[in-house]
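J.: Here are the chains, one letter per residue:
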Amino acid sequence: MKTFSLALAALLALAGCQGGATLDYKLMTMDEPDVIDPSENPDNPVEMSACDFGYGYEGFGGTRLEAGREDEEVGFDRDRVKPYSALSGEYARVLGKAAPALLGQLASTFGQVPPRWYVEPSATAVSLYSSMRVAFVGCLDFTNTADFDAMPDATNAVEKCTGFAKRFWSRSPDTDEVQACVDVVVSGTNRESAARRKWAYGCASVLSSAPFLTF
Amino acid sequence: MSSNFSRRSLLQGAAAMAGAAALGRAGTAFGQSAVTDKPALLVVMLNGGYNSLFCSHDSFQGTGAFGCSAGNGLALGNDLVVDGTFGSMPAFAKSHMASVGIRHGLTAHEAAQPSLASMNGRSYHLMLAKALGGEAAIKAAVVGGGQPDGPKPAEGDVSLQTITDMRATIAALGGDIDPSVPNREIATNALLGSTTMSKKRLVRSPNSLRSVKDGLDTGVETLRRQGLALDYPGLCQAYGVAVGTTGVNNFRTQMMAAELMVQAGANVVFAEDGGWDTHGDTNGNNVRDMMSNRILPPLNVFMSRLLEATGRNVTVAIIGDFARSLPGSDHQGNLTATVIGKNVRTGTTGKTSSNVALPAGTPGIQQFWAYLAAVTRAPEQIFGANPHTAITLA
Numbered sequence: 001m002k003t004f005s006l007a008l009a010a011l012l013a014l015a016g017c018q019g020g021a022t023l024d025y026k027l028m029t030m031d032e033p034d035v036i037d038p039s040e041n042p043d044n045p046v047e048m049s050a051c052d053f054g055y056g057y058e059g060f061g062g063t064r065l066e067a068g069r070e071d072e073e074v075g076f077d078r079d080r081v082k083p084y085s086a087l088s089g090e091y092a093r094v095l096g097k098a099a100p101a102l103l104g105q106l107a108s109t110f111g112q113v114p115p116r117w118y119v120e121p122s123a124t125a126v127s128l129y130s131s132m133r134v135a136f137v138g139c140l141d142f143t144n145t146a147d148f149d150a151m152p153d154a155t156n157a158v159e160k161c162t163g164f165a166k167r168f169w170s171r172s173p174d175t176d177e178v179q180a181c182v183d184v185v186v187s188g189t190n191r192e193s194a195a196r197r198k199w200a201y202g203c204a205s206v207l208s209s210a211p212f213l214t215f
Numbered sequence: 216m217s218s219n220f221s222r223r224s225l226l227q228g229a230a231a232m233a234g235a236a237a238l239g240r241a242g243t244a245f246g247q248s249a250v251t252d253k254p255a256l257l258v259v260m261l262n263g264g265y266n267s268l269f270c271s272h273d274s275f276q277g278t279g280a281f282g283c284s285a286g287n288g289l290a291l292g293n294d295l296v297v298d299g300t301f302g303s304m305p306a307f308a309k310s311h312m313a314s315v316g317i318r319h320g321l322t323a324h325e326a327a328q329p330s331l332a333s334m335n336g337r338s339y340h341l342m343l344a345k346a347l348g349g350e351a352a353i354k355a356a357v358v359g360g361g362q363p364d365g366p367k368p369a370e371g372d373v374s375l376q377t378i379t380d381m382r383a384t385i386a387a388l389g390g391d392i393d394p395s396v397p398n399r400e401i402a403t404n405a406l407l408g409s410t411t412m413s414k415k416r417l418v419r420s421p422n423s424l425r426s427v428k429d430g431l432d433t434g435v436e437t438l439r440r441q442g443l444a445l446d447y448p449g450l451c452q453a454y455g456v457a458v459g460t461t462g463v464n465n466f467r468t469q470m471m472a473a474e475l476m477v478q479a480g481a482n483v484v485f486a487e488d489g490g491w492d493t494h495g496d497t498n499g500n501n502v503r504d505m506m507s508n509r510i511l512p513p514l515n516v517f518m519s520r521l522l523e524a525t526g527r528n529v530t531v532a533i534i535g536d537f538a539r540s541l542p543g544s545d546h547q548g549n550l551t552a553t554v555i556g557k558n559v560r561t562g563t564t565g566k567t568s569s570n571v572a573l574p575a576g577t578p579g580i581q582q583f584w585a586y587l588a589a590v591t592r593a594p595e596q597i598f599g600a601n602p603h604t605a606i607t608l609a
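Heads up: the protein sequence lines correspond to chains A and B, in order. In terms of this note's numbering, the first sequence opens at residue 1 and continues consecutively. In terms of this note's numbering, the second sequence opens at residue 216 and continues consecutively.
Chain B on its own, in the form it takes in the complex (with noise of 0.2 angstroms):
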């Protein structure tokens, strides 16, 4: 047993028993996390953008900018008011989602996108993922070809994986019975040799072979796992994705493996979609219609799935380069971000006013994931404090 983990285990004993004296008092909120819930984060990335008509409705209702009106709205209470397309989201997720204002200052795309990933060299997702802990031997993954912006340096034994089939992924992580897969015990064994035989090669090349030492570390990891109890047609079924189909190719199979790595222990999954840079689309036709047929039909799935699954904490959060500026649906200097998940009290800190632009004061890149780090109850403050503490649930 680590040290570490002999240091989260304390740190979980202590909130258990800190939690537990608080629940004699007041006791939880309805659908809040237990401290020993798993914590899984999963952040969907549009890339290109994030039209504020999603999060911040009732900002241009009274313009009609974007094509809000009072009748495509969706008040969830506490000030929140959201487009009429998340109504197709669970009940769960519309009683446990935030709009979080990120007022970055950042309107080009290249500086947008890193500075959303990462902070002084190190990645947010990994610094996050390494913080939840845990024994999974992935803790980090990336769902299909996108990759977070920015450098990525591994946070001690934590790197970032990309998952981009998801039978392969399966098979490694035990759930398929396929003849031609090797022994899992003697496959371990076999994979140990070849990081032995490789140990002088990856010590010439650490840089440009850091992928391959990250990979066979994690993956001599993962086969020494148990194989885990995978119903790999029934996912197949909930999502709407055929048996047999194997690459992480569009949003629909990219949720299907998200929740394939959340179920396997991963801490972190990143998704990212295209096609956000929504110039022009000045009545927000384009991107409601893409998050009504491409986005929220599989991610309704993976939130109907986990967000009230026992013994977990899954937390979701949309994001996108910034938001879409008036008139012209362009680069707005802000973001407002969702967040949805078992930690999150309904309301908002990222209402925009009717230009899109975000109130003096509201917080950074830098306390949004301190948020994120909150909600999926990291057991340090590794982002700093956590300035929305009206949407959190304590």
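Same shape as in the complex, but just chain A (with noise of 0.2 angstroms):
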């Protein structure tokens, strides 16, 4: 019995120093820089610390200018609407022709500014409901080609949306976002006979969501 206990007690000693042995080398590997993913999605949610690097002013009465001001993280509550006078642009910049020439004609619907004016940019639901149909036609031609001539499915649906969001946000889109689009061309379009045509409302759904239409 003596014997099994200073073998156990050995034993012990042993697995301590190897325990901290193993401690200096996970520390040691945490040390290394992140690698930062270059496909990730920037519209993620991301913790970022707030810092407070304004001057206090003061104003009439005492009152400090910053008071009731609220802090916010970075990043937070930063994206706008874009107005319509970028829309013509962006339109002929994702589609690679010029926007469709409906758009010209909903420039009321869209609150068009007068000259020398600024207002910011807000969106209704007839507006974004117009801006599907300015998308749409758009998409129309965008999809007028032996490219679309296949019916959607659940496996060419993920290649062309990948390629549709691409192309219109800039970025690679995540995958439940694919599948939204994989859902509307496949499932969404059935009353719909015309291979082009699904394409079409597939294209406008990702063309008229808010990671094109606001930035």
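These are calculated hints, taken from the structure and not from any lab test. Note that CB positions come from ideal geometry on N, CA and C, so glycine has one too. A hint or two may mislead.
Among the chain B residues that face chain A by a calculated CB cut under 10 angstroms, a handful are [claimed, not checked]:
#, residue
1, Val396
2, Met412
3, Asn422
4, Ser426
5, Ala457
6, Val458
Starting from the two chains in their separate frames, assemble the complex, guided by the hints.
T.: This is the structure we're talking about:
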């Protein structure tokens, strides 16, 4: 029994040394710099600490001008709706052709701002639906090639939808975003028989989403 | 079916039974709405002010202020005397009109405008639109560019939707046959897909992109509705607007768009007209000219088509920042509004003195909205009790 106790103590001491060595080794590994995935979706929420670098200014009545301001995390609430004046160029850029003429007919729907005035752009149900109409017209032209003659299925839709997103959003889509587009072209277009028009609906759904219509 | 709908249905059912019981005893007043009528409120905001010569005409007949005399007033009964310009209104409007006093004590545009539209950071328009319930996708709409002042946060699923183009609205509501318009059912699926793809960015920017979130939600619900049987050419003809006109950029097209939204089921529609800060208009000629030539022609069309419509309870409220003061037609610290509708009893709680003042004790802005809630038959007293019972049909 005494011999067994000594052996056990020696084994535990040895294990402790090994544990310490392992811990040191892991710490050394964790000191290495992180590898940043270049395809990381910038729309994903990220944990960033807020910093208060602002100066304090005293206003009338001794009130601090910054009083009442809310500190937010960096990158929070910074996205804006693209103004109507930018959309023509944006549609042309991503579709590779002139923007659909329909866009010009819907200027008042998007709240075109008079010259020398600035109004913060905002969206409405009607303007977003009109965006869908404009996108659909543009996508009918965009998908009017032999590349879109195959009927969409769960396999080829992933490739095409990924292509739409990369082209229109200038980034790789996440799996759920691709799936949303796949659902549109595969199961959401049952009433449509023409392959190219099915693809056009999927194209329009990607082109009518916030990653394109906002910045 | 949502719980809200169930509750509203229950309330409507209870109200219907109560109404039926009351009918058995005394019947209802002529022209009064049935409890099941679809409610809608049109708020006409005259930006700058609303001269009390229109709604308290007899207050100035003695002094001749604002060009008022016995010869150009119009007595409608129950102590209500309005300006003769209102004589062009439909007969039903003139028999269901009241002047409502609002003693808000505000003489600055910057204070009066947001106070008339909001309360404790919430929008009166949206609160009422939410309370009135219903199944319409767009329950609160602004026709034209002018917005109600003050905060306008969404009330649940009810947000303020701006209508600046009628053709697009008709297409969105399914009332137009246009070959370039995508199939409604597929477009619904496509917009649902867009909503999913937008999710991360909308979470990251919940405030700056709030209009996108509200618009997508409302857009999907709008597309899910069945197409409406809208007679667009007939609408154009009634309002004297050329077929093909698209922009909502004057009061005539605002009224046409207002009817469009009421037909689509909106509960509250807001239309603003500018140019009513009429300093120096001591004889009232300027405001009479604007009322006669710009406001009343299309508003009369709106009222003649909708006020008596079966199954509807459409109410019209004409307001401004405040009344115009004497002697210079400047800013008066109170307002008398005009309200017209099936549940309005002819009369006045807004008769001013000869110097445009309202009596002490006249209710304020929130009570005015309590009155609007009462005549639109909101199921709950969301703004408190209605103090203007004398001009409310029970």
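J.: For each hint, tell me whether it holds in the structure or not.
T.: Quick rundown of the hints versus the structure:
no., hint, result
1, Val396, "holds, 6 angstroms"
2, Met412, "holds, 4 angstroms"
3, Asn422, "holds, 5 angstroms"
4, Ser426, "holds, 4 angstroms"
5, Ala457, "violated, 15 angstroms"
6, Val458, "violated, 15 angstroms"
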